[in-house]
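K.L.:
Sequence:
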Amino acid sequence: MDDVMDLFKELFDMSVEMKEKLFSEDSNKSCKVFGNRYINGEIRYWRDLLIQPVFPIQEDTQHWLENP
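Residue numbers for the sequence shown follow this note's numbering, so the first one is 344 and each next one is one higher.
Treat each hint with caution, since some may be false.
[As the list claims (entries may be wrong)] Calculated cross-link-like contacts (lysine to aspartate or glutamate; reagent style DMTMM-like; alpha-carbon spacing at most 25 Å): (1) K364 / D349; (2) K364 / E353; (3) K352 / D369; (4) K372 / D356; (5) K364 / D391; (6) K372 / D391; (7) K362 / D349; (8) K372 / E360; (9) K352 / D391; (10) K362 / D391; (11) K352 / E363; (12) K372 / E353; (13) K372 / E385; (14) K364 / E385; (15) K352 / E368; (16) K364 / D346.
[Stated by the list, open to error] Here are the computed distance ranges between Cβ atoms for each label pair: (17) E360 / I386: 16 to 22 Å; (18) L365 / D345: 33 to 39 Å; (19) V359 / R387: 18 to 24 Å; (20) D346 / G384: 38 to 44 Å; (21) W389 / L350: 17 to 23 Å; (22) R387 / D346: 29 to 35 Å; (23) M344 / N371: 16 to 22 Å; (24) E353 / G384: 32 to 38 Å.
Keep in mind that the hints were calculated from the coordinates and are not lab data. For clarity, every value in this text was computed on a predicted model and none was experimentally measured. Every residue gets a Cβ at the ideal spot worked out from N, C-alpha and C, and that includes glycine.
Please construct the entire structure, taking both the sequences and the accompanying hints into account.
P.N.:
This is how it looks when you write it as structure tokens:
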């Protein structure tokens with residue numbers, strides 16, 4: 344679990360330029376990074392998401408991110 348958390352920290356600490364290369368709003372793309380925002384009155388929420396299929400592993404590794 345610690346290894347996975349380190350990997351996510353590395354991903355979200357990447358430079359904006361590197362994240363832009365991974366960003367996609369294409370719903371057909373199986374592996375992507377994107378963000379959502381929600382505004383509720385004075386409160387604003389933002390979240391970055393990583394979608395990466397992992398099962399069955401034989402079919403999904405070809406779509407995995409190369410960096411990090």
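K.L.:
Checking one constraint from the list: CA of K362 to CA of D391, max 25 Å. Satisfied?
P.N.:
holds (10 Å)
K.L.:
Does E353 sit within 25 Å of K372, going by the straight-line distance between their CA atoms?
P.N.:
holds (22 Å)
K.L.:
Given the proposed pairing of K352 with E368, does the C-alpha separation stay at or below 25 Å?
P.N.:
holds (22 Å)
K.L.:
Could one say that the CB atoms of R387 and D346 fall in the range 29 to 35 Å?
P.N.:
Holds, since R387 and D346 (Cβ atoms, about 32 Å apart) stay within the stated range.
K.L.:
Please check whether E353 and G384 have a Cβ separation lying inside 32 to 38 Å.
P.N.:
holds (35 Å)
K.L.:
Given the hinted pair K372 and E385, is their Cα-Cα distance within 25 Å?
P.N.:
With a Cα-Cα distance of about 34 Å, the restraint between K372 and E385 is violated, given a limit of 25 Å.
K.L.:
K364 and E353 were given as a pair; does the straight-line alpha-carbon distance stay at or below 25 Å?
P.N.:
holds (15 Å)
K.L.:
Going straight from one Cα to the other, do K372 and D356 come out at no more than 25 Å?
P.N.:
Given pair K372, D356 holds - Cα atoms ~23 Å apart, limit 25 Å.
K.L.:
Would the pair K352 and D391 pass a check requiring their Cα atoms to be no farther apart than 25 Å?
P.N.:
holds (12 Å)
K.L.:
Hey, K372 versus D391, does the alpha-carbon distance stay inside 25 Å?
P.N.:
holds (16 Å)
K.L.:
So if I understand the rule, the pair passes when the alpha-carbon distance is 25 Å or less; does K372 with E360 pass?
P.N.:
holds (20 Å)
K.L.:
Should the hint that V359 and R387 are 18 to 24 Å apart at their CB atoms be regarded as holding?
P.N.:
holds (19 Å)
Hint compliance for this structure: hints 13, 14, 17, 18, 23 are not met, and every other hint is.
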